[in-house]
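Put together the whole structure using the sequences plus the hints.
Read top to bottom, the protein sequences are chains A, B and C. Note that the first sequence covers residues 16 to 321 in this note's numbering. Note that the second sequence covers residues 388 to 737 in this note's numbering. Note that the third sequence covers residues 559 to 837 in this note's numbering.
In the DSBU-like style, the derived pairs of lysine-lysine whose C-alpha atoms are separated by at most 30 Å in a straight line are:
hint, chain 1, residue 1, chain 2, residue 2
1, A, 221, B, 466
2, B, 466, B, 423
3, B, 486, A, 236
It should be emphasised that the hints constitute simulated quantities derived from the structure, not laboratory data.
Chain by chain, the residues run as shown.
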Amino acid sequence: MRRFLAIRFLQALVALLAITLIVFGLTHLTGSPVDALLPDDASQAQIESLIRHWGLDRPLHEQYLAFLGNALQGDLGVSLKWRGYTAMEVVLQRLPATLKLGGLSVLLSIVVAIPLGVVAARHRGTMVDKSANVVALLGQSLPQFWLGIMLIWIFAVGLGWFPTSGQGGLPHMILPAIAMASFQVAALARLTRSAMLDSLRSEYVKLARLKGVPEYRIVWKHALRNAAIVPLTYFGLLAGSLLTGSVVIESVFSWPGTGLLSIEAIRGRDYPVVQAVVILFAVVFLLINYVVDALYALVDPRIRRA
Amino acid sequence: MTRPSRSTPLEETRGASASGELLLEVRDLRTHLDTKNGLVRAVDGVSFRLHSGETLGIIGESGSGKSMTVLSMLQVVPKPAARIVGGEVLYRGQNLLEKNEREMRRIRGREIAMILQDPQTSLNPVFTIGNQIVEALRLHRRDGGGKALVHRAVEALRQVRIAAPEERIRSYPHEMSGGMKQRAVGALAISCGPRIIVADEPTTSLDVTIQAQYLRLLRDLQRETGLAILFITHDFGIVAKLCRHLLVMYAGRVVEAGPVRAVFNNPAHPYTRALLGSVVRADTKAERLEAIAGQPPALWGLPSGCRFAPRCPHADDRCRKEYPPQLRVRDEASDHVASCWRLEESHGNR
Amino acid sequence: MKLSRLRRYPLLPIAVLLAILFIPALFAEWLAPHDPYQSHLRNRLQPPVFWGGTWDFVLGTDRLGRCVLSRIMHGAQYALAISAVGIFVGAAIGTLLGLVAGYARGWTDIVVMRLVDISLALPSILLALAFAAAWGPSFEAVIIVVAFVLWAYFARQIRAEVLSIRERDFVARARVAGGSHARIVLLHILPNVVNTVVVMATLQVGVVILLEAALSFLGIGVPRPTPAWGLLVADGRWLVVSAWWISFFPGVAILLAVLSVNLLGDWLRDRLDPELIEV
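Given below as structure tokens:
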């Protein structure tokens with residue numbers, strides 16, 4: 016188990032290095048990094064201090080090391096749009112809002128998708144199963160941003176049940192969380208269903224029946240505990256769609272999180288902030304995956320030895 | 388080791404209990420299975436009796452309906468494809484087929500427990516052995532709290548000769564060897580004190596030495612507790628060692644039944660003869676049934692007459708048209724019967 | 559009899575796909591009732607015909623009086639072109655690397671598979687953001703992002719299949735017969751993975767259409783004023799209260815196209831490559 020987690024940790028670090036390399040590479044591919052990292056009206060003194068700070072007068076690999084060293088200390092430059100703040104400060108300020116919304120949407124997708132998949136598998140071939148399949152197919156085919164707009168139109172503007180956009184408490188979060196969860200619900204429900212079908216066909220489920228275990232416990236305990244491993248491994252991948260979702264959905268609902276920030280920064284040509292968002296998102300994503308791996312090992316005792 | 392040595396093991400089992408209480412009587416059990424290729428009569432009029440302290444063997448090739456018979460008894464056939472369409476399963480006088488799901492749950496595990504073929508897959512990989520035994524105990528033996536149940540589980544493991552049961556109870560299935568897992572399944576089966584254990588090819592996936600140990604264990608458990616065992620296998624050698632009576636099944640029907648010794652000495656059905664012949668000649672379990680010409684029949688579109696006719700060297704037109712009735716075999720055992728037209732001729736000849 | 563045979567094919571998805579994606583993409587120039595870029599200032603925010611509008615603008619007009627239907631039809635070109643080119647590039651790179659890794663094994667394999675791991679560990683949106691920030695929105699950037707997202711899936715799957723194919727008899731025979739490595743890979747192994755590549759490519763079309771639409775919607779995909787579907791939805795997002803049709807219909811087009819492609823992909827997978835795992 017310890018070795019398994021150690022290997023995963025190293026892999027995550029390598030992936031993180033790769034993203035810093037890409038971010039670093041892109042600043043240089045597009046001409047002078049000075050243009051990208053400083054406002055157009057920068058003074059000569061500012062330019063010189065930037066060159067010294069990032070080592071821009073040295074060879075490329077040394078520049079990368081300098082960039083990496085600064086990044087490790089959380090220094091990704093100063094924001095061009097939000098004057099007086101470092102890029103990291105701007106991003107960190109917005110992070111809680113994103114985590115809140117993302118968390119709610121994950122919760123929502125688990126609460127909806129797992130039971131949906133379980134019930135569909137349990138009643139395979141019935142109307143319940145077929146309806147669940149339609150829901151899943153729709154969820155995987157709906158453009159989230161469009162769903163968001165339609166939700167605003169129907170439930171916020173038309174029916175007036177929820178606020179249209181902006182930050183606030185739970186009422187503000189419900190529509191964006193639904194729009195964000197739509198894809199995950201579909202994917203998770205399908206995965207849960209197919210894993211449950213395998214599990215319900217297994218010999219250990221047969222033996223559980225033969226020892227007199229009631230059906231609901233067979234389904235929700237014996238079968239689901241095994242089947243849960245499959246959607247759980249997939250959850251790491253889903254974290255990627257969650258990040259995409261946060262950028263898209265925060266833009267639609269003007270939810271002031273990191274995702275919306277990234278689009279604002281791109282529009283404002285605030286490259287340091289974009290860099291910071293990308294690197295921080297990568298860290299969050301890799302961290303989620305790492306936690307999922309650890310959970311995976313916890314749920315399936317067979318992994319612990321590997 | 389699978390050679391049917393006809394002396395010692397048979398004497399032993401016969402001595403165990405010649406006249407126990409009648410526990411189980413299956414009468415004319417029929418189960419149909421809907422498949423892509425049409426309706427399959429997976430169990431087609433099976434009848435037998437089982438007494439306490441007795442071991443009854445059911446032998447046949449895979450697909451002969453042995454497993455489906457016992458799953459039908461306990462009503463755990465795969466739904467909705469399979470349905471029990473007729474017959475009676477009398478357990479101590481009560482017809483199990485008339486019981487609802489709730490009532491059946493109190494029978495399964497509590498009165499009739501089962502050991503499945505493959506210990507690698509029949510234990511739930513995500514729960515400890517102890518968990519899985521305690522769960523059964525909690526369902527059936529509500530007396531005593533958590534500690535008492537754990538204690539019982541330890542006892543069950545001890546009964547199946549698992550070393551250091553107090554520690555093993557915390558083990559996950561993947562931490563045990565195949566033989567030990569199958570012992571744990573055995574512990575699970577006996578833990579609630581059932582009167583009948585159905586063992587569905589429990590030793591097929593074990594290697595030979597472990598197999599012998601496991602059979603010895605079952606026999607010892609039976610002697611200690613007076614259990615009745617329904618032993619499903621395709622291995623005549625095991626039947627010879629363990630059972631007093633046996634049923635030979637072919638394509639969903641019982642083709643021959645009787646005391647093991649009588650069937651061995653005087654096999655009446657050509658299928659039994661072929662089965663026995665291949666065992667005796669080959670002397671290893673690997674050769675078992677390949678010595679019989681032809682394939683086991685596809686279970687859909689069965690011949691209307693004797694189902695063995697297409698593979699039988701003695702088959703004639705009547706065999707192919709009409710299913711033979713169950714006839715007594717004329718030998719020293721009064722309860723030796725078989726379903727074969729040839730038997731009628733031998734009756735006539737005498 | 560004939561009907562039941564036909565029903566084995568997913569006719570409805572094919573029909574929808576033709577109607578929404580392929581026919582408009584190829585023939586929008588002739589089929590579209592109006593020039594997608596031309597403003598009809600007197601006809602701004604016209605509702606669709608069944609909502610009180612006129613047959614002149616069947617699905618209504620946008621803020622600048624441009625025909626929504628014509629824009630959707632032309633938008634199909636971008637959806638199709640980006641999926642086709644992006645998936646082709648991604649599949650080609652992935653298949654090539656998968657073939658090489660699976661066939662050569664050893665160090666090549668290890669290096670390729672590590673790259674695959676890294677690539678799979680990076681969500682596409684991050685790359686898209688980085689690209690958009692550095693280069694601004696462009697058609698090429700979307701294609702690069704798509705290819706970058708997809709290649710690793712292809713490489714991983716193809717490598718796994720090559721590993722088992724190379725052990726089969728016909729490969730050994732070809733090797734004994736003195737075939738060069740390139741010949742063996744191209745003539746004996748590649749044909750055996752074509753099915754997989756086709757199925758995977760089909761399964762990815764829906765994903766790519768959604769990704770492209772999302773990027774365009776955010777303004778980091780295809781640049782304005784092209785009528786890419788995502789941009790069309792974005793055009794109407796602030797007008798959804800008064801002129802819902804501007805956002806609604808392009809979204810329906812995306813939904814129907816992706817839905818039918820997904821159904822078609824599932825069907826193809828069951829048909830050609832039941833072994834392929836669902837991702």
